[in-house]
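Asks: Got chain A sorted already, so can you dock chain B onto it with the hints?
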Amino acid sequence: MLNMAKRIIKQILRDKRSLAMILIVPLLLLSLLFLLLGKSAYVPVVATESLPAPFVEALQNQKAIRVIQKEGSETAEAYLKSGKADAVLSIDADGMHILFKEMDSVKMSAVTDAVKSAAASINPQGQMNVEFVYGKQGESLFDSLGFLLLGILSFFMIFLLSGMSFVRERTSDTVERLMLTPVKTPSVVGGYALGFGVFAVIQSVLMILFAKFVLQMPFIGEWWTAMLIMLLLAVVAVMFGVLVSAVSKSEFQVMQFVPLVIIPQIFFSGLIPVETLPYHLNFISYLMPLYYGCTGLKNVLVYGYSMLQVWPQILILCGFAAALFVLNIFAVKKYRAA
Amino acid sequence: MLAFFSRTDYTKIMILLNAVSKSFGKKKVIDNVTLGVHSGEIACLLGPSGAGKTTLIRLITGALRADAGEITVDGIKVPSLKLFERMGFMPQGDALYADLTGLDNLLFFGGLYRMKGKELKARAFETLEMLGLLSDKDVLVSKYSGGMKKRLSLAAALMHRPDFLLLDEPTVGIDPILRQTIWRQFKSLAAGGACIIVSTHVMDEAAKCDRTALIYGGSLVANDTTENLLKNTPGGNIEELFFMAKEGKAC
Numbered sequence: 002m003l004n005m006a007k008r009i010i011k012q013i014l015r016d017k018r019s020l021a022m023i024l025i026v027p028l029l030l031l032s033l034l035f036l037l038l039g040k041s042a043y044v045p046v047v048a049t050e051s052l053p054a055p056f057v058e059a060l061q062n063q064k065a066i067r068v069i070q071k072e073g074s075e076t077a078e079a080y081l082k083s084g085k086a087d088a089v090l091s092i093d094a095d096g097m098h099i100l101f102k103e104m105d106s107v108k109m110s111a112v113t114d115a116v117k118s119a120a121a122s123i124n125p126q127g128q129m130n131v132e133f134v135y136g137k138q139g140e141s142l143f144d145s146l147g148f149l150l151l152g153i154l155s156f157f158m159i160f161l162l163s164g165m166s167f168v169r170e171r172t173s174d175t176v177e178r179l180m181l182t183p184v185k186t187p188s189v190v191g192g193y194a195l196g197f198g199v200f201a202v203i204q205s206v207l208m209i210l211f212a213k214f215v216l217q218m219p220f221i222g223e224w225w226t227a228m229l230i231m232l233l234l235a236v237v238a239v240m241f242g243v244l245v246s247a248v249s250k251s252e253f254q255v256m257q258f259v260p261l262v263i264i265p266q267i268f269f270s271g272l273i274p275v276e277t278l279p280y281h282l283n284f285i286s287y288l289m290p291l292y293y294g295c296t297g298l299k300n301v302l303v304y305g306y307s308m309l310q311v312w313p314q315i316l317i318l319c320g321f322a323a324a325l326f327v328l329n330i331f332a333v334k335k336y337r338a339a
Numbered sequence: 724m725l726a727f728f729s730r731t732d733y734t735k736i737m738i739l740l741n742a743v744s745k746s747f748g749k750k751k752v753i754d755n756v757t758l759g760v761h762s763g764e765i766a767c768l769l770g771p772s773g774a775g776k777t778t779l780i781r782l783i784t785g786a787l788r789a790d791a792g793e794i795t796v797d798g799i800k801v802p803s804l805k806l807f808e809r810m811g812f813m814p815q816g817d818a819l820y821a822d823l824t825g826l827d828n829l830l831f832f833g834g835l836y837r838m839k840g841k842e843l844k845a846r847a848f849e850t851l852e853m854l855g856l857l858s859d860k861d862v863l864v865s866k867y868s869g870g871m872k873k874r875l876s877l878a879a880a881l882m883h884r885p886d887f888l889l890l891d892e893p894t895v896g897i898d899p900i901l902r903q904t905i906w907r908q909f910k911s912l913a914a915g916g917a918c919i920i921v922s923t924h925v926m927d928e929a930a931k932c933d934r935t936a937l938i939y940g941g942s943l944v945a946n947d948t949t950e951n952l953l954k955n956t957p958g959g960n961i962e963e964l965f966f967m968a969k970e971g972k973a974c
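So the protein sequences, as listed, match chains A and B. When we follow the numbering used here, the leftmost residue of the first sequence carries the number 2, and every step to the right adds one. When we follow the numbering used here, the leftmost residue of the second sequence carries the number 724, and every step to the right adds one.
Treat the hints as calculated values from the structure; they're not laboratory data. Yeah, the Cβ is synthetic: ideal placement off N, Cα and C, and Gly gets one too.
DEER-style ranges, computed between Cβ atoms:
| hint | chain 1 | residue 1 | chain 2 | residue 2 | range |
| --- | --- | --- | --- | --- | --- |
| 1 | B | Lys841 | A | Pro183 | 18 to 28 Å |
| 2 | B | Gly792 | A | Leu31 | 44 to 54 Å |
| 3 | B | Gly792 | A | Leu328 | 31 to 41 Å |
| 4 | A | Lys7 | B | Arg837 | 50 to 60 Å |
With a straight-line cut-off of 25 Å between C-alpha atoms, the simulated DSS-like cross-links for lysine-lysine are:
| hint | chain 1 | residue 1 | chain 2 | residue 2 |
| --- | --- | --- | --- | --- |
| 5 | B | Lys805 | A | Lys334 |
| 6 | B | Lys751 | A | Lys250 |
| 7 | A | Lys250 | A | Lys334 |
| 8 | A | Lys71 | A | Lys82 |
| 9 | B | Lys839 | B | Lys805 |
| 10 | B | Lys910 | B | Lys954 |
| 11 | B | Lys839 | B | Lys860 |
| 12 | B | Lys750 | A | Lys17 |
| 13 | A | Lys185 | B | Lys839 |
| 14 | B | Lys800 | A | Lys335 |
| 15 | A | Lys250 | B | Lys750 |
| 16 | B | Lys750 | A | Lys334 |
| 17 | B | Lys751 | A | Lys334 |
| 18 | B | Lys750 | A | Lys335 |
| 19 | A | Lys185 | B | Lys800 |
Excised from the complex, chain A in its bound form (with noise of 0.2 Å):
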């Protein structure tokens, strides 16, 4: 037993990216955690429709939201859309009540708080009645995250098959006959993307319809828009597995890139909302493609937006593609020096 765990630690000391793996990611993850789920520094913004001054003097002493005054003749719900405000305040008979655009604990319990302890100076009995644009009170949790799991699982698994594909490329020793041949290197690139991307297409179908009628997910919008995102987030995965397999040398190498590549991808792909995110971190959601791919879905589906609508999501989602391609076109000439 002494002799099999000797050898164990023999192998793990001389493999670098394993050491690293065991004893560096799990705390550069745990770090990212920390930081992602600390307390946020966002101030939500609340808009009041004719409070009573009393009431709005007593919310403008509450530091956790700023206060504004909603102009114009939209409605709540049209006010809340357009991104002016986080939260609209009015009161009639049945009580006070706040509008959210969704469901976002950051920003509810920033407001809710703040509200609560606005009334209590006032009408310690006044009712609350909290409702929101997108979604419902009581909504599962995978109702309402559940356009991220779409984005999600699809991108991993994409990932996770191209990578250990071209990797067995590799270890087979097919990729050295393969780039011995007049094959230029963009057509290996492009046909693993073409190839995958046959599943890719199956998979969102499956994947958006499933969700819909099966699992009775609330969606909204265009099923098409959100393939093509599905579709375009399962060839950024491609590259990405491409690329992660250039630089391994075994299935095992690929695994070990899940926490660098995956795991941050998650955490940023807005399954914390991004822009609630503590120390100013969001801006590392833009560089992350998940993160496009689950905002034009949830633009898509969950608030309706059409084709149109989500272009600058399409956009920078092909931009990644064509980056990454590039990349791998570099990363696949290395075994061939013409």
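Replies: Chain B in isolation, oriented as in the chain A frame:
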């Protein structure tokens, strides 16, 4: 022990290595190698494991770039994309897709040489027949025996009927009967004018070649027609030649 059926064209040097060197880090793995192989000639790179045979083959294929010296094939400087069209390469591993059938493998590799449709299919069938694999064409490569995989790997290298062939230990792990069949193939290809370089550490395989280049520690310690080398070796034994090279007595 002379090479049979040799149709070597001694007027045409097909593959020429001129003072080629290659290092990996600080380690020099190929040191100042000069070698010429003619059209229709089978040349053997003979040497023990780690002598530099595979590196030399990879330099000739264009997978690696030489640090010093020059390699030309038919007058074209290596590495060159142009030469890939005319080169057949069989790596040491099988380099096949185990989850595809034998026929699918050949159709894929043939397709890389822009062969299409009926021409591609006909060529694949012809090549499978040549190597005695036609009846197993629809069997998954994962179900092939070691010898069948070797033959299919050779078939993949021959699909486009190359002018020159680089074969890295093509018969390693193959039983003697099958080895004979494969060598017969090489002879027939050389008879058709192909220039073939075979790397091996098996002494008696050198005897089947027209030319033998003995490689040891990255250097070429002997290079002549196999006939001449044998003449100059006590007892006419290739193995003796290897020990002489080790002791620094070979020419």
